[in-house]
Amino acid sequence: MAGTILLETKNLSKRFGGLKALDRFDFLVRHGEIVGLIGPNGSGKTTFFHVVTGILKAASGTVMFGERREVLTALPPHRITALGIARTFQRQRLFNQMTVLQNVLVGAHCRTCSGLFGSILRTPATRREQKVVQEKATRLLALFGERLLPRAQDPAWTLSYANRRRLEIARALAADPLLLLLDEPAAGMNPTETRELMRDILSIREQGITIVLIEHDMTVVRGICDQVVALDHGIKIAEGSFEEVRNHPSVIEAYLGRRAKHA
Amino acid sequence: MSLWMQRTALFLLTLAAPHLVPNDYWIGVLTRICLYTTLALGLNVVVGFAGLLDLGYVAFYGIGSYIYAFLASPHFALHLSFWVALPLTVAIAAVSGILLGAPTLRLRGDYLAIVTLGFGEIVYLLLINGDRPVNITNGVNGILGIDPPRLGSLTFSRNHEYYYLFLAFLLLALLISTRLAHSRIGWAWQAIREDEVAARVMGINTTKAKLQAFAVGASFAGIGGGLLASWQRSVFPDNFLFYESINILAMVILGGVGNLAGVVVGATLLVALPEIFRGFHRYRMLAYGLMLIVLMIFRPRGLFEGNRVGRREPETSTLEEETLSLVEPGPPVGQ
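Chains as they are written, first to last, in this note's numbering: chain S, 1 to 263; chain Y, 1 to 335.
I should point out that these hints are in silico values taken from the structure, not numbers from a laboratory.
Where hints are given, some of them may not hold.
[What the hints assert, rightly or not] Example chain Y residues on the side facing chain S (calculated, C-beta under 8 Å, incomplete): (1) A77; (2) L78; (3) I185; (4) Q190; (5) A191; (6) V197.
Just so it is clear, the structure is predicted and the values come from calculations on it, not from any experiment.
The C-beta atom is built at its ideal place from N, Cα and C for all residues, glycine as well.
Can you build the whole structure from these sequences, using the hints too?
Right, dumping it as structure tokens:
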């Protein structure tokens, strides 16, 4: 498994009116990698996640996923999740009025199958599935030690900022993804929490889950990413190891700007 | 086990209720409470669980009533037993829920409310004008002579008999609602209510889930409609005015949207209070309105602190906002 291509995009483009959010973007992730996606704000990173997960439709290009290289470009989001891609959001999108546990249970939706009538009749199969999925959700909350588990029955909106980020990850993991897309997981976290997060992400990779993460915090990118891809204005400007990308002239220019010509 | 004792006490109270009220008129009021609670529980599935603001719920109530009337009256000379006609009614109402729900799937919030409101009016107009060119609904004259339910040798005729029948269906509706609230489907509905984009990304087929919500809501309305027709022994288009949709919605909101106990209390209060205020003649609706306003000021989320009304979560942005924020130049981010 390791080393084979898990996700590949070719010529992926997306426009918003006149703005090219993604411009012929080629991207590749192999099994077991952690790939960091960096770039200034508005460079198309989150748009890339939206397109891969099917929330936004690509203008052109293809997204291929898995061993059978299934084309995702025309699939609705729930089918893509079922194939094995889960994500978190840059601005948190938890189900705020639901409990912490229920948030994770929703994440397992595509891995469970109880239907309307099974739920009404509460058939033995439904009850069995409920028990299994509750145990799974509890196990996922336990990944974050004592951070989430004691709060399982509290509404999600009562959680602290960092805990909400953790819950988003737990919810995404409930979908049993092969590929996990994390959109700025460390945003708003203090240095201790960030270190903890890096450990958590590495332990998720240990479970065989491939990860792509968007991150502005370069200690995270340097610390855990095998590969780094830099985007600017929807165009891939550099890729390689963290050091290679960081010293790439285009990346420096994208972040810091070009020296004025007639100064 | 105090919760269990409370519930048993409450159940015994509902069983004894017809013997505790002064006269037959009040037994009728109790029966209406059961009817409207069943309806409100159905609307609660759509509005409370799935967060779809449906202002035309009365359409399904009307469809249920008329289907039952068609199946068990001299109108089409069909005289199906109540126990056959009601399940058929519920099934047809559920299908109508899917058919009316399907065109609204892409709509949200206010726009969904406007379209469903239109559906309510369309069904009402169809019932009124359904006597020409072919007489189907008998127009404004309604359908008369509907068969009463029979159970063994008992033919339902008196209010307290209907009360127990309606109570049984109310308990069934309550059981189904409770089970759905704590099920995979119920969680999916609530997820859609909380954040539809996130729900889709979490693997929920929102199209299917919303249609299921419409179908379940409409089937509760089908139960209510069938019960109304069999009790009133006649149905008229004017039983299904827009006012009824709002009334049922008020029951759902009063108790607290999405909260089952709240819905039961809300429906009970909104049926009982106008009767209690009946002695005040003309001022009765005024007092009722005043009470609703006071409630909205002091308990904006309903008596039972429901889930949803009056809430605007600052942190859940719409996808449009999120993509728009791409267009605006952000602050420079250093390493």
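Now for the hints, and whether the structure bears them out:
1. A77: Violated. Min distance 34 Å.
2. L78: violated, 28 Å
3. I185: Hint holds; I185(Y) Cβ to chain S Cβ min 5 Å, cut 8 Å.
4. Q190: Because about 5 Å separates Q190(Y) from the closest Cβ in chain S, which is inside the 8 Å limit, the hint holds.
5. A191: holds, 4 Å
6. V197: Where the cut-off is 8 Å and the nearest Cβ of chain S is about 6 Å from V197(Y), the hint holds.
Of the numbered hints stated above, those contradicted by the structure are hints 1 and 2, listed in ascending order.
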